[in-house]
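All chains, full assembly: derive it from the sequences and hints.
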Amino acid sequence: MAEVALLEVGKSYGPVEAVRGLSLSVSDGEFVVLLGPTGAGKTTTLRLIAGLERPDRGKVVIQGRIVTQEVPAERDVAFVFQQYSLYPHLTVYDNLAFPLRSPARRMAEKAVRRRVQQVSELLHIEHKLGNRATALSGGEMQRVAIGRALVREPAVYLMDEPLSSLDAKLRAELRLELKRIQRELGTTILYVTHDQIEAMTMADRIGVMSEGALVQLGTPREIYERPNSAYVASRLGTPAINLIPVELLGSDAVPAQVRTVGLRTEHIRISPADRPGPRAQVQWVEHLGDQNHVHLKLATHSLVTLADPAQPLKAGDQVSIEFTEPLYFDHAGNRVAAHEIRGQA
Amino acid sequence: MAQIKLETVAKTFGAFAAVKGVTFTVDHGAFFVILGPSGCGKTTTLRMTAGLELPTSGRILLDGEDVTALPASARDIAFVFQLFALYPHMNVRQNIGFPLRCQNYPRAQIRQSVEETARLLRIDHLLDRRVGGLSGGDRQRVALGRAIVRRPKAFLMDEPLGALDSEFRRLMCGELRELHDRIDATTVYITHDQLAAMAMAGRIAIMNQGRIEQIGTPQEIYDRPRTMFVADFIGAPPMSFLGVQAAPQRGDRSIRIDGVAVEMPEVFEDRAEGRFMLGVRPENVSFADASMLRGRVIGAEYLGTTQIVTVDTANGRVKARLPSTDVVRVGESVGLALRPDRLSVFDEMSGQALHSALYEGGYRG
Numbered sequence: 001m002a003e004v005a006l007l008e009v010g011k012s013y014g015p016v017e018a019v020r021g022l023s024l025s026v027s028d029g030e031f032v033v034l035l036g037p038t039g040a041g042k043t044t045t046l047r048l049i050a051g052l053e054r055p056d057r058g059k060v061v062i063q064g065r066i067v068t069q070e071v072p073a074e075r076d077v078a079f080v081f082q083q084y085s086l087y088p089h090l091t092v093y094d095n096l097a098f099p100l101r102s103p104a105r106r107m108a109e110k111a112v113r114r115r116v117q118q119v120s121e122l123l124h125i126e127h128k129l130g131n132r133a134t135a136l137s138g139g140e141m142q143r144v145a146i147g148r149a150l151v152r153e154p155a156v157y158l159m160d161e162p163l164s165s166l167d168a169k170l171r172a173e174l175r176l177e178l179k180r181i182q183r184e185l186g187t188t189i190l191y192v193t194h195d196q197i198e199a200m201t202m203a204d205r206i207g208v209m210s211e212g213a214l215v216q217l218g219t220p221r222e223i224y225e226r227p228n229s230a231y232v233a234s235r236l237g238t239p240a241i242n243l244i245p246v247e248l249l250g251s252d253a254v255p256a257q258v259r260t261v262g263l264r265t266e267h268i269r270i271s272p273a274d275r276p277g278p279r280a281q282v283q284w285v286e287h288l289g290d291q292n293h294v295h296l297k298l299a300t301h302s303l304v305t306l307a308d309p310a311q312p313l314k315a316g317d318q319v320s321i322e323f324t325e326p327l328y329f330d331h332a333g334n335r336v337a338a339h340e341i342r343g344q345a
Numbered sequence: 346m347a348q349i350k351l352e353t354v355a356k357t358f359g360a361f362a363a364v365k366g367v368t369f370t371v372d373h374g375a376f377f378v379i380l381g382p383s384g385c386g387k388t389t390t391l392r393m394t395a396g397l398e399l400p401t402s403g404r405i406l407l408d409g410e411d412v413t414a415l416p417a418s419a420r421d422i423a424f425v426f427q428l429f430a431l432y433p434h435m436n437v438r439q440n441i442g443f444p445l446r447c448q449n450y451p452r453a454q455i456r457q458s459v460e461e462t463a464r465l466l467r468i469d470h471l472l473d474r475r476v477g478g479l480s481g482g483d484r485q486r487v488a489l490g491r492a493i494v495r496r497p498k499a500f501l502m503d504e505p506l507g508a509l510d511s512e513f514r515r516l517m518c519g520e521l522r523e524l525h526d527r528i529d530a531t532t533v534y535i536t537h538d539q540l541a542a543m544a545m546a547g548r549i550a551i552m553n554q555g556r557i558e559q560i561g562t563p564q565e566i567y568d569r570p571r572t573m574f575v576a577d578f579i580g581a582p583p584m585s586f587l588g589v590q591a592a593p594q595r596g597d598r599s600i601r602i603d604g605v606a607v608e609m610p611e612v613f614e615d616r617a618e619g620r621f622m623l624g625v626r627p628e629n630v631s632f633a634d635a636s637m638l639r640g641r642v643i644g645a646e647y648l649g650t651t652q653i654v655t656v657d658t659a660n661g662r663v664k665a666r667l668p669s670t671d672v673v674r675v676g677e678s679v680g681l682a683l684r685p686d687r688l689s690v691f692d693e694m695s696g697q698a699l700h701s702a703l704y705e706g707g708y709r710g
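Line by line, the protein sequences are chains X and G. Numbering (our numbering) for the first sequence: 1 to 345. Numbering (our numbering) for the second sequence: 346 to 710.
Source of the hints: derived by calculation from the structure; they are not laboratory data. Please read these numbers as outputs of a predicted model, since none were measured by experiment. All C-beta atoms, glycine included, are put in the ideal place defined by N, C-alpha and C. A portion of the hints provided could be inaccurate.
[Stated by the list, open to error] Coverage of chain X stretches by chain G, computed from C-beta distances (three or more under 8 Å per stretch; other residues unrestricted): (1) 176 to 189; (2) 215 to 225; (3) 276 to 289.
The structure is reproduced here in structure tokens:
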């Protein structure tokens, strides 16, 4: 059953359409990540669900109930912001207990204690319950902030880049933790980020956003392997997919409407220059330890491929390139699917 | 271009030792990166090299000449800071030429240098444009142009790309490196971003708490980290460590983890019994049903072609990089196989790597 659904929702600020005709449904226990650059409309979408903004058009549905006109407190959601806003004068315990002690809930103190204990164990901060919130490390503070959302059991958790203020190492740890917690509790999460690694590693489904619209929705694997546009293809993968004008590849089996070929770095193989295939020159080689990124010049175009560190390559070398699993895009950047290609051949 | 040499350079601020005796040589035309977490002393080291701080002890040589006590202005070094500020009321030509105008160069020479620099950065078509209307990338190029136009002996760069978003940073890393190759300028670059360091450096010095932990090419540092700090700082995800109680002896080719013998590169020293850490990088871990070294899968993170699988064992948490086509179930018990010729062993107390065939360069490939 859908916990949250948006039906043709639109929101403008003056002449700027922040969210355009967006429909999305998040199922019970599902982890959905909205991915897109700054200004794509991700945060506005979350705020519309939370009730912090009212849509100009469309409906917001939470657990089968239309809540479009309701204030935030009437909606059964919990919001985790990018900046952890803890009460500095309170202990970790009191910070976690705070949402449960609100007059609207009147939860018995015994039940509060049980719930705080449970959530603190889940987040591995049970030994810090007596500490002042300000005496914590950045990672611990963010755990408490997430914990303060978790003590409640809302229909859906809305998270706006909750890990982005942390350093890389901590972010990697908390990614794993958050996914574990979500799986163990079976919670429903709608999560917003511009970090493709967070999206790929945590999401059951990713929604890719661009200029206020949801341009593709699917599992990480679907989005990575079968992007419906060059834009979506370039959102996932590091280094980014190579987008090459079709004429540079000199391939004959390509249908007429194809303008651009997308080649992921791992789908390009380099061989000695006497082998068949387009010729390229090595510009430079990046040593990243487990693999090398080889920067090539193919006529006027730069591209990046992966190579084993053992492969001896240096700047100036002439090589042939072979590729597998190309993605084809037409003049508008839309993908030309493989069955269409076969149909025309 | 210049050779830069630091000899046991140290700097204390009151009771705090920011840099504790640092020695390295940056050759003519080299791209040298100092990498470390914030507070490790890298910025202080760079500022002393530039002449913006006076060392408490040690010597700094520029092309063999002792410049330790010379002020920044007498060193012919360009210092590029984190934030590139352009003059918004000037066009691109005026921005790039500014350092030369300040030094009263003849007008014809300024014109020639500015045009040369602009061609080098491929922004010569923008010379008469206002900087306000330029894209982010072009603004960075103009700022770089302003740094390189007077062709100093060396460039010192303090996280010049730190404020950019990650995609754009990668692009500019490539351009900076390419520019360096074209003008062959001696460059010292400091950063806390290990990916940027690996991508650009000819050699990297890794600093921690005022000391250099290791200097080497990116591949050396990745394959043969001398300390646990380096092993942990480099790599995404970093090296995993398994704690063992052992007494490694010269000639050993395996180490026992809870009674399970794990093959490793030949040990070249004798050590008394103590706590050691077996270090393994994610791409050197695979699943093997028959293996007695077992753990429980606690997470699988999809990354496109590969996935990072996290496994908890009785001796520590291990991350494995596996093809994403492998089906991995969270909660299942798995056997782990570690690639023998790529394992490091560290003394847990000192964090130092044991001498072994791996560290003597005894492997190929």
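Hint-by-hint comparison with the structure:
For the stretch 176 to 189 of chain X, the stated coverage by chain G holds: 4 residues have a C-beta nearer than 8 Å to a C-beta of that chain, and at least 3 were required. With 3 residues carrying a beta carbon less than 8 Å from a beta carbon of chain G, the stretch 215 to 225 of chain X meets the three-residue requirement, and the given coverage holds. Under a criterion of three residues with beta carbons nearer than 8 Å to beta carbons of chain G, the stated coverage of the stretch 276 to 289 of chain X is upheld, 6 such residues being counted.
In summary, this structure violates none of the numbered hints.
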